[in-house]
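Novice: All chains should be built: construct the whole structure from the sequences, respecting the hints.
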Amino acid sequence: MKIKVLEVDKSLFLFIGIDNDSKVLGSCSFKIRKNNIIRFQDSYVEKTARGKGVYKKLFASRLKYVDINFPNYEIEAFCTFTTKNLFINNDFDMHESLFLMKKKSSLLKSHSELSELLDDNKIKSSIELC
0 MKIKVLEVDK
10 SLFLFIGIDN
20 DSKVLGSCSF
30 KIRKNNIIRF
40 QDSYVEKTAR
50 GKGVYKKLFA
60 SRLKYVDINF
70 PNYEIEAFCT
80 FTTKNLFINN
90 DFDMHESLFL
100 MKKKSSLLKS
110 HSELSELLDD
120 NKIKSSIELC
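Going by numbering that gives the first Met the number 0, the residue at position 45 of the sequence shown is 44; the numbering climbs one at a time, nothing skipped.
Hints listed in this document are in silico derivations from the structure and should not be mistaken for laboratory results.
From the three backbone atoms N, C-alpha and C, an ideal C-beta is built for every residue, glycine too.
Any given hint might turn out to be false.
Below, a list of computed lysine-lysine pairs in the PhoX-like style, where the Cα atoms sit at most 20 Å apart [as the list claims (entries may be wrong)]: (1) K83 / K3; (2) K55 / K22; (3) K9 / K33; (4) K56 / K1; (5) K83 / K1; (6) K9 / K30; (7) K1 / K22; (8) K63 / K83; (9) K22 / K63; (10) K1 / K55; (11) K30 / K51; (12) K56 / K30; (13) K51 / K9; (14) K1 / K46; (15) K63 / K3.
Ranges between beta-carbon positions, derived for each pair [stated by the list, open to error]: (16) F91 / N34: 16 to 22 Å; (17) D92 / I67: 37 to 43 Å; (18) K103 / K63: 29 to 35 Å; (19) D41 / S21: 33 to 39 Å; (20) F98 / K3: 30 to 36 Å; (21) E73 / L13: 17 to 23 Å; (22) N19 / Q40: 35 to 41 Å; (23) K103 / N68: 31 to 37 Å; (24) K63 / K9: 17 to 23 Å.
Specialist: Written out as structure tokens, the structure is:
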């Protein structure tokens, strides 16, 4: 697997894992923040490539790139339970736990309800998009 690094802008770097047929297997990124902080973010591995070490290679490449190019920066990351040990094994310390919160959207039941909202002028403000 080859890994290409794209500097999207001066603060965002994208790492793309590509196989021999130029198919994207996965990606990860980091963002440079204020006060010499780098935030690892946005990792994804294609379902067909999972369990084959793609994420570990992307992770290692990103970490090495930061170590070489941003040696005095502190790295922050939010991770899942499945990647937590990879971070710990690379000398990251856990500082807090986060919780994934979900809510089903409360969509209107019908277009007639939407029409009623518009007719009754219950909408405080609107923006016309088209």
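Novice: Is the hinted pair K63 and K83 satisfied, with a Cα-Cα distance of at most 20 Å?
Specialist: 18 Å, holds
Novice: Taken at face value, is the distance from the CA of K3 to the CA of K63 at most 20 Å?
Specialist: 13 Å, holds
Novice: Can you confirm whether the C-alpha distance between K56 and K30 stays at or below 20 Å?
Specialist: 19 Å, holds
Novice: Hey, K1 versus K55, does the alpha-carbon distance stay inside 20 Å?
Specialist: With Cα atoms ~13 Å apart, K1 and K55 stay inside 20 Å; holds.
Novice: Is K1 within 20 Å of K46, Cα to Cα?
Specialist: 18 Å, holds
Novice: Confirm or reject the claim that F91 and N34 have a C-beta distance inside 16 to 22 Å.
Specialist: 18 Å, holds
Novice: Quick check on a hinted range of 17 to 23 Å for E73 and L13, using CB atoms only.
Specialist: The hinted range 17 to 23 Å holds for E73 and L13, with Cβ atoms some 21 Å apart.
Novice: How does the Cβ-Cβ distance of D41 and S21 compare with 33 to 39 Å: does it lie in that range?
Specialist: 21 Å, violated
Novice: Check the hint pairing K55 with K22 against an upper bound of 20 Å on the C-alpha distance.
Specialist: 18 Å, holds
Novice: Checking one constraint from the list: CA of K56 to CA of K1, max 20 Å. Satisfied?
Specialist: 10 Å, holds
Novice: Holds or violated: are the alpha carbons of K83 and K3 at most 20 Å from each other?
Specialist: It is violated: about 24 Å lies between the C-alpha atoms, which goes past 20 Å.
Novice: Is the Cα-Cα distance between K9 and K30 20 Å or less?
Specialist: 9 Å, holds
In this structure, the earlier hints numbered 1, 5, 9, 11, 13, 17, 18, 19, 22, 23 are contradicted, and the remaining ones agree with it.
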